[in-house]
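Number of protein chains: 2
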Amino acid sequence: MLTLISYDVVIDKRRTQVMKYLLGYGSRVQYSVFECDLTAEQFATVQRDIARLIDAQTDSVRCYRLDTGAIKQIRILGRGQVTTLPPYYLVG
Amino acid sequence: MLTLISYDVVIDKRRTQVMKYLLGYGSRVQYSVFECDLTAEQFATVQRDIARLIDAQTDSVRCYRLDTGAIKQIRILGRGQVTTLPPYYLVG
Numbered sequence: 001m002l003t004l005i006s007y008d009v010v011i012d013k014r015r016t017q018v019m020k021y022l023l024g025y026g027s028r029v030q031y032s033v034f035e036c037d038l039t040a041e042q043f044a045t046v047q048r049d050i051a052r053l054i055d056a057q058t059d060s061v062r063c064y065r066l067d068t069g070a071i072k073q074i075r076i077l078g079r080g081q082v083t084t085l086p087p088y089y090l091v092g
Numbered sequence: 001m002l003t004l005i006s007y008d009v010v011i012d013k014r015r016t017q018v019m020k021y022l023l024g025y026g027s028r029v030q031y032s033v034f035e036c037d038l039t040a041e042q043f044a045t046v047q048r049d050i051a052r053l054i055d056a057q058t059d060s061v062r063c064y065r066l067d068t069g070a071i072k073q074i075r076i077l078g079r080g081q082v083t084t085l086p087p088y089y090l091v092g
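Residue numbers (the working numbering), protein chains in the order written: chain A, 1 to 92; chain B, 1 to 92.
If we strip away everything but chain A, and leave its shape as in the complex, we get (with noise of 0.2 Å):
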């Protein structure tokens, strides 16, 4: 399922963290906001993982989870597109 994630990551090294292991997983359609597809499974692992690369009293991060209507409804202005999944292909 499309992941947005965004982060406010107040310490410029580990912001960096952030966005370097985020690139591991989707596209950086903005600053500091990323769109990725993840299974259950992989959304389980990023938001265990960036819990140990954050300082949760100073750092915000945030994962909402987009199905496809909410994808459709996606509007963007200025720079930027919709991040398009790979087409699914049920296979035997």
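Just so you know, nobody snuck in bad clues.
One copy or two, it doesn't matter: identical chains are merged, so the pair holds either way.
Straight-line Cα separation of at most 20 Å, DMTMM-like style, residue types lysine to aspartate or glutamate; simulated pairs: (1) 20 x 8; (2) 13 x 49; (3) 20 x 37; (4) 72 x 37; (5) 72 x 41.
Hints were generated in silico from the structure; no laboratory data involved.
Use these hints to put chain B onto chain A, whose structure you have.
Frame of chain A; chain B shown alone:
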């Protein structure tokens, strides 16, 4: 419907204008992220007004409509909480 609006606006003055505009519609949950409860008409108005505030060549504004199912799946790490929508009362 709860609507997430995130923005990357290059020029400080314009970014402040967008931020102040959105304060009139919802809560600032991260530095450049708002959660607003918008009717379809309000959503159209917000898109039209923000399109006039930004420079479409350099700036990016992303809008996501979140239904109750999506709201239930919001996950927050570190600081912050989910914007709670006012309970709707069916009258008469």
